[in-house]
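Colleague: What follows is the residue order along each chain.
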Amino acid sequence: MRVAAQITAWLQLTRLFLKQFLENDLVSPDSDRAQLLAIVGAGVISMTLFLSMFLSAGYAMSVLTPGEAAVRTLNDKFFYVSLAMLITALVAAAQWDALSLDQRDAAILDPLPVRPAIVRWAKLTAVAMLGAAVALAVNAFPALIFPWMLSFSLRQMTAGDVFWLMGIHFMITVTAAVFGYLAVMTLRESLSAILGPKLFARVSPSFQASTIVVLGSLLLLLPPASTRVAQRQFSGRWLQSPPMAFVAAYEVATHSFIVDLPRRKVTARMARRDVANTEIFEGLRPLILPMSQRVEFLFGAVFAILILANIISAARAPVGGALLAASGSRRSRVSERIANTLIVRHPASRAGFHFAVATLFRSKTHRLTLACAAAVGLAMALVVLSRIELQPGSLSPSVLVVQPLLYGSLLVGFRHLLRVPAELRANWGVQLAWRDHPRAFRAGVYRAGILTLALPVVLAVVPLVAFVADTTTAMAHAAIGLGGAIVFLEALTLGYDKAPFTCNYVPGRGKGVLPIFVLAFLLGANLFARLELSMLLGTNTVAGVVVLVVLFGGLRVASIRRRDPQMDFNEGPETFSQLGLHN
Amino acid sequence: MPVLCARQLSKRYSGLHVVHDVNLTVRPGQVVGYLGPNGSGKTTTARMLSGLLEPSNGIVEYDGHDIRDDLLAFRTRLGYIPEEPYLYPFLSGREYLELVGRLRELPESLLNSKIDGFLQLFNLSGAADQSIASYSKGMRQKIVISAALLHDPDVIIFDEPETGLDVSTTMMLRHLVRTLASRGKAILYSSHILEVVEKLCDHIIVLQKGKVVADDSIANLRTLLSSTSLEGVFAQLVIREDPERLARDLADLSALRS
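Taken in sequence, the protein lines are chains S and X.
Its first residue numbered 1, the first sequence is counted upward by one per residue in our numbering.
Its first residue numbered 1, the second sequence is counted upward by one per residue in our numbering.
For the record, the hints were derived by calculation from the structure and aren't laboratory data.
Don't take each hint at face value.
Stated by the list, open to error - Below 27 angstroms or equal to it, Euclidean Cα-Cα: the simulated DSSO-like pairs (lysine-lysine) are:
no., chain 1, residue 1, chain 2, residue 2
1, X, Lys137, X, Lys114
2, S, Lys198, S, Lys364
3, S, Lys364, S, Lys498
4, S, Lys19, X, Lys137
5, X, Lys211, X, Lys199
6, X, Lys137, S, Lys198
7, S, Lys364, X, Lys209
8, S, Lys364, S, Lys19
9, X, Lys199, X, Lys209
As the list claims (entries may be wrong) - Part of the chain X face toward chain S, derived, beta carbon under 10 angstroms:
no., residue
10, Ser50
11, Thr76
12, Tyr80
13, Pro82
14, Gly101
15, Pro107
16, Lys114
17, Phe122
18, Ser131
19, Ala147
20, Leu149
21, Leu150
22, Asp152
Ideal placement from N, C-alpha and C gives every residue a C-beta, glycine not left out.
Could you build the full structure based on these sequences and the hints that come with them?
Modeller: Structure (structure tokens):
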């Protein structure tokens with residue numbers, strides 16, 4: 001094959017793989033890719049623009065001494081480095097299956113007269129281009145705004161200092177973003193190499209979801225973690241964290257020039273603050289150089305593992321690494337029989353129950369959304385727990401609220417997913433078999449939601465409550481929590497009148513009131529925790545049970561009194577008919 | 001008396017007639033062939049007959065009643081095998097059949113025994129618990145055929161069912177169609193494989209650009225058009241270009257080097 005032909009093939013394949021990043025279950029194959037890219041790009045850029053303006057606004061409204069600025073900017077540097085790292089890592093985790101060649105690629109590309117090495121290089125180029133694009137989009141505005149706004153509160157900085165700081169900020173945050181991206185790729189590739197294609201295909205979805213949950217939770221916990229960095233992050237476990245290595249590299253690259261800026265005439269109080277902060281910073285200086293050297297080690301390790309894993313995977317398959325979910329084992333008939341006997345008895349309920357369990361955990365879109373919902377719940381729970389001291393005998397609403405926050409987030413995600421078809425083109429099968437028992441079908445789906453999402457969370461919190469109270473209280477908390485989850489799901493689904501997972505996705509119109517819902521949810525969870533505490537302490541047990549029963553009963557009556565929905569599997573959004581496409 | 005009947009059936013998309021004034025009847029025990037070239041409107045007709053697509057004009061009757069009056073009741077008696085076997089890729093073959101069977105409210109024990117039987121007869125037992133994403137088109141088609149027959153329907157619409165099937169399964173499918181017809185099922189068999197239609201069908205309807213151009217028994221059509229085979233009949237009714245010349249042009253184009 002001539003060199004020119006090889007380059008053409010490489011370019012064509014790179015374009016194909018870039019398109020694959022956009023081609024997923026969330027995006028219709030007929031959608032306009034340019035429009036989608038514009039929306040996503042605008043979303044990322046406006047978010048980083050808003051965040052950097054919001055975080056840097058304080059600099060524009062205050063005057064800082066070099067000592068104060070040196071300590072305070074450590075918070076921002078930690079935030080921006082971690083943000084860049086986490087966002088690119090999240091993008092990599094969201095594109096999990098597209099990061100590597102799969103069986104479909106192998107099936108299509110193997111028969112073509114293209115060398116496997118070119119296919120692999122094209123994939124690598126496309127993956128690198130995606131990572132670079134995200135890294136640049138996330139860091140462009142913060143790199144301009146942060147140094148510029150800092151100069152307002154630190155008049156000693158010259159224009160040259162500002163531009164220099166912009167360059168260093170951009171370089172360090174983009175490097176951190178690349179590291180985050182590579183870290184997820186390395187995780188995926190090493191798992192694939194260690195487990196082998198078949199086993200990896202089986203566990204890959206769980207790993208992807210867990211990675212998103214962890215990264216999403218860390219992202220949500222980033223703002224509270226980005227305070228008092230000089231006092232907290234330069235000791236203990238924080239010292240070993242990758243973001244701190246990049247923060248140290250940032251300081252090394254800028255020669256920590258901020259603390260060395262000439263002092264201006266200030267008030268005595270400001271001068272004292274300057275001295276105190278300069279002392280703090282000077283105390284950290286000996287740590288900075290050794291910490292920054294860990295960046296090289298981190299990159300070296302990630303690259304070495306990634307290359308090794310790729311060599312192992314390439315040796316296994318001619319083109320593709322991991323297989324699509326090709327292996328399967330029959331699920332337990334015992335658990336199915338138990339579910340059919342105790343939980344779902346009507347055939348339509350059984351259909352809904354088992355279909356929901358499969359869809360929630362096997363459909364890529366549904367799994368990703370649930371992972372995001374779990375990340376939000378986990379982050380909220382961790383924020384709450386970080387503000388209290390967990391000791392035996394310290395049962396408080398803050399401990400009890402963890403459970404409703406977790407199952408609440410998951411059930412909100414579940415409620416959204418009910419409207420998202422599992423595979424729209426396959427819904428003809430359901431349409432033909434449909435016997436018009438929407439209530440039974442939905443009941444099965446809702447029970448699947450309670451059993452697979454709320455119940456595990458309720459049980460997971462039992463050890464925590466058992467530690468701060470006792471086992472009996474923990475079991476009572478679990479029972480009340482399960483009741484609460486059922487009531488909450490009943491409330492969430494009151495206005496829903498479609499067959500879950502099978503109808504066209506019609507966007508909701510309530511986005512404007514979303515903040516009110518979020519506020520109501522947080523307030524409701526808090527009130528519920530307080531009510532529950534009084535029930536568990538025996539002061540308001542009867543009243544609490546009555547409230548739950550009345551709430552559930554009222555919601556059930558409201559639900560039953562609603563007219564049976566007219567099932568429309570092919571409903572289009574309101575604007576659709578204006579085009580006159582379905583005459 | 002015809003069990004399935006379409007009258008003046010039409011479908012328009014943005015003013016363009018895809019199917020125009022199609023009339024057809026299928027009696028119990030009869031296999032009606034529905035023939036036509038690609039894009040002639042066969043699949044659109046099949047989807048309207050199965051109630052998946054609403055006609056722009058005309059009605060479909062089952063046992064003398066408009067199927068729209070009680071679509072659910074009609075679908076309990078209908079089996080439909082589409083050309084493109086779109087299925088839920090994350091379910092296994094067994095799970096898909098269970099979903100369909102439960103939605104059709106078949107008793108659990110009967111459903112399980114039927115599923116096991118279909119999987120075994122279609123030689124899919126080994127792959128029954130693998131996800132459908134890993135199935136070949138032929139394997140998916142077998143799952144679709146099983147799903148269509150699970151509830152013992154009276155009317156069966158086959159829309160180019162042989163696509164992707166191997167030789168032995170295609171032969172088995174032909175025998176299956178004949179056996180089902182002999183047991184009183186009304187069958188509409190849409191295809192563009194003339195050999196299969198000639199062997200299977202008592203009566204054929206030929207569609208060209210959405211319009212019916214022939215509706216008779218194969219024997220009558222042969223006599224009318226003085227042809228010895230269905231291929232000859234089809235060529236006279238539908239083919240407007242000389243296939244030999246077209247094949248020559250294609251081969252020439254393929255051989256072009258600079």
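Colleague: Indicate, hint by hint, whether the structure satisfies it.
Modeller: Hint check results:
Of the supplied pair hints, the one linking X/Lys137 and X/Lys114 holds, its CA atoms being roughly 22 angstroms apart against a limit of 27 angstroms. Taken as a hint, the S/Lys198 and S/Lys364 pair is honoured in the structure, with Cα atoms around 18 angstroms apart against an allowance of 27 angstroms. Distance restraint check for S/Lys364 and S/Lys498: the Cα-Cα separation of roughly 21 angstroms lies within the 27 angstroms cut-off, and the hinted pair is therefore satisfied. A threshold of 27 angstroms between alpha carbons decides the hint, and for S/Lys19 with X/Lys137 the separation of about 25 angstroms falls inside it, so the pair holds.
Between the alpha carbons of X/Lys211 and X/Lys199 the distance comes to roughly 24 angstroms, so the proposed pair stays at or under 27 angstroms and holds. Of the pairs offered as hints, the one joining X/Lys137 and S/Lys198 holds, with about 21 angstroms between alpha carbons and a cut-off of 27 angstroms not exceeded. About 40 angstroms separates the Cα atoms of S/Lys364 and X/Lys209, which puts this hinted pair outside 27 angstroms; it is violated. Using a Cα cut-off of 27 angstroms, the hinted pair S/Lys364 and S/Lys19 holds, with the two alpha carbons roughly 18 angstroms apart.
Note on X/Lys199 and X/Lys209: the hinted pairing holds, with a Cα-Cα distance of about 25 angstroms set against a maximum of 27 angstroms. Against a cut-off of 10 angstroms between C-beta atoms, the interface hint on X/Ser50 holds, since the closest Cβ of chain S lies about 7 angstroms away. Proximity of X/Thr76 to chain S holds as hinted, the smallest CB-CB distance being about 7 angstroms (cut-off 10 angstroms). Taking 10 angstroms as the C-beta cut-off, the interface hint given for X/Tyr80 holds, the closest approach to chain S being about 6 angstroms.
A hinted interface residue such as X/Pro82 counts as satisfied when its beta carbon comes closer than 10 angstroms to some beta carbon of chain S; here the least separation is about 7 angstroms, so the hint holds. For the restraint placing X/Gly101 at the interface with chain S, the shortest Cβ-Cβ distance is roughly 8 angstroms, inside the 10 angstroms limit, so the hint holds. Residue-level restraint check for X/Pro107 holds (minimum Cβ-Cβ distance to chain S is 8 angstroms; threshold 10 angstroms). The beta carbon of X/Lys114 is not positioned within 10 angstroms of any beta carbon in chain S (closest approach about 14 angstroms), and the interface hint is therefore violated.
Using the Cβ-Cβ criterion of 10 angstroms, the hint placing X/Phe122 at the interface with chain S is not satisfied: the shortest such distance is roughly 17 angstroms. Below 10 angstroms, beta-carbon pairs count as interface contacts, and X/Ser131 has one with chain S at about 5 angstroms; its hint therefore holds. With its C-beta approaching chain S no nearer than about 6 angstroms, X/Ala147 sits inside the 10 angstroms limit, and its interface hint holds. With a least beta-carbon distance of about 12 angstroms to chain S, the hint placing X/Leu149 at the interface is violated under the 10 angstroms criterion.
The restraint placing X/Leu150 at the interface with chain S holds, with a minimum CB-CB distance near 9 angstroms, inside the 10 angstroms limit. The closest approach between the C-beta of X/Asp152 and any C-beta of chain S is roughly 14 angstroms, which is over the 10 angstroms cut-off, so the hint fails.
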